[in-house]
Amino acid sequence: MSIDQLLGLATGVIFGFLLQKGRVLRYDKQVAALLLKDMTIFKFMLSAIVVGMFGILALHEMGLITLSLKAMNVGGILVGGALFGVGWAVLGYCPGTSVGAVGEGRWTAIFGVIGMVVGAGIYAQMYPFFKSTVLAWSDLGKIGLPEATGVNQWVIAVIFALITLGMFRWFEKKGL
Amino acid sequence: MINPEQTRASSSKGWSPYLAGALVGVLAIVSVYLTTVYMGKSTYLGASTTFVRAAGLAVQVVDPSYVAENAYYVKEKVVIDWQFLMVIGIFFGALLSSKMDGSFKLESLPPLWEKRFGSSVPKRAVFAFVGGIVAMIGARLADGCPSGHGLSGMMQLSVSSFVALAMFFGFGVIVANFMYRKAS
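Here the protein sequences line up with chains A and B, keeping their order.
Here the first sequence stands for residues 1 to 176, numbered as in this note's numbering.
Here the second sequence stands for residues 1 to 184, numbered as in this note's numbering.
Possibly wrong hints are sitting among the right ones.
[Unchecked claim] Interface residues of chain B toward chain A, partial, derived using beta-carbon atoms under 7 Å:
no. : residue
1   : Trp15
2   : Val61
3   : Ser120
4   : Ser160
5   : Val163
If you are wondering where the hints come from, they were derived from the structure by calculation, not from laboratory data.
Predicted model, so just to flag it, every value in this text is computed and none were measured.
Note that beta-carbon positions come from the ideal geometry of N, C-alpha and C, so glycine has one too.
All chains should be built: construct the whole structure from the sequences, respecting the hints.
Here it is as structure tokens:
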């Protein structure tokens with residue numbers, strides 16, 4: 001095994017461990033979040049984002065890492081985002097959590113995993129079509145919120161953290 | 001302000017989602033740093049590209065020339081890389097954690113699903129399979145899933161990721177509420 005693969009495996013084991021401990025691998029948790037009845041998934045994701053955001057922005061400012069933003073391809077993000085949302089609600093897992101769900105014994109998630117591999121194969125076959133249609137509409141490139149708004153990244157991060165904490169307080173107050 | 005003792009997850013022996021989530025944030029930071037040092041390229045958490053590579057590996061068995069000539073497989077490269085092993089790691093991490101605290105459970109139907117759609121396993125399998133196909137085509141069009149966009153992209157303040165996550169949840173909420181609407 002190469003160093004890349006070893007690092008990936010170790011990262012994944014810890015990631016899967018934490019996903020399982022946070023109890024976010026379950027269909028019931030994911031669908032209850034989409035039904036806005038249980039905010040466990042939001043609590044988990046937003047906590048990860050806020051902590052990760054400060055660390056990654058700091059490492060980037062120190063020149064220790066490079067950022068890897070995904071392009072704001074308008075058609076891809078809007079149509080793809082909508083399709084993903086539909087499929088996510090029907091399957092009840094996202095790509096990472098489906099694999100973890102099988103790991104904690106919820107074996108029918110394997111049909112979702114197989115469906116996603118088949119979906120990836122269909123996408124590869126249809127790629128020339130998407131490339132000349134949906135993906136060709138408009139591409140705004142790899143833009144970050146600081147460039148888009150002209151606001152300093154730390155100001156945005158602090159505002160994001162404050163909004164998140166406000167949401168957490170509200171979730172707890174409502175018992176969500 | 002936020003007391004982990006009060007969160008509901010603690011009742012089922014899990015950890016507070018705030019704590020587990022915050023630790024994923026730490027993992028994301030450490031992982032980006034280590035991949036930069038040891039692989040020479042800052043690599044972020046993500047999952048959906050691995051499904052493309054898995055599809056490529058599967059098709060390769062039957063028809064290697066198709067994969068070699070397909071523009072998308074060429075673009076994404078059918079290799080067993082860092083992310084591929086990370087996704088496999090998620091399986092083992094979840095297995096380890098659930099075996100350690102006794103929450104591992106062989107379950108064919110999610111309770112919420114069973115209550116609404118009955119106890120047919122084939123029915124659930126078909127929905128999961130079709131949902132998986134649709135979700136993955138969407139994730140590839142959007143160039144990311146809740147890991148790549150939701151976690152990694154938002155941490156980097158990527159505009160595309162904020163919009164993508166809003167679309168994921170927006171359409172997810174609409175479809176989930178339609179599926180679980182009260183029968184009239």
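Here's how the hints hold up against the structure:
1. Trp15: holds (4 Å)
2. Val61: violated (12 Å)
3. Ser120: The hint is violated - Ser120 of chain B has no Cβ within 7 Å of chain A, the shortest such distance being about 11 Å.
4. Ser160: At 4 Å from the nearest chain A Cβ, Ser160 of chain B passes the 7 Å test, so the hint holds.
5. Val163: This hint holds: Val163 of chain B lies near chain A, its Cβ roughly 5 Å from the closest one there, short of 7 Å.
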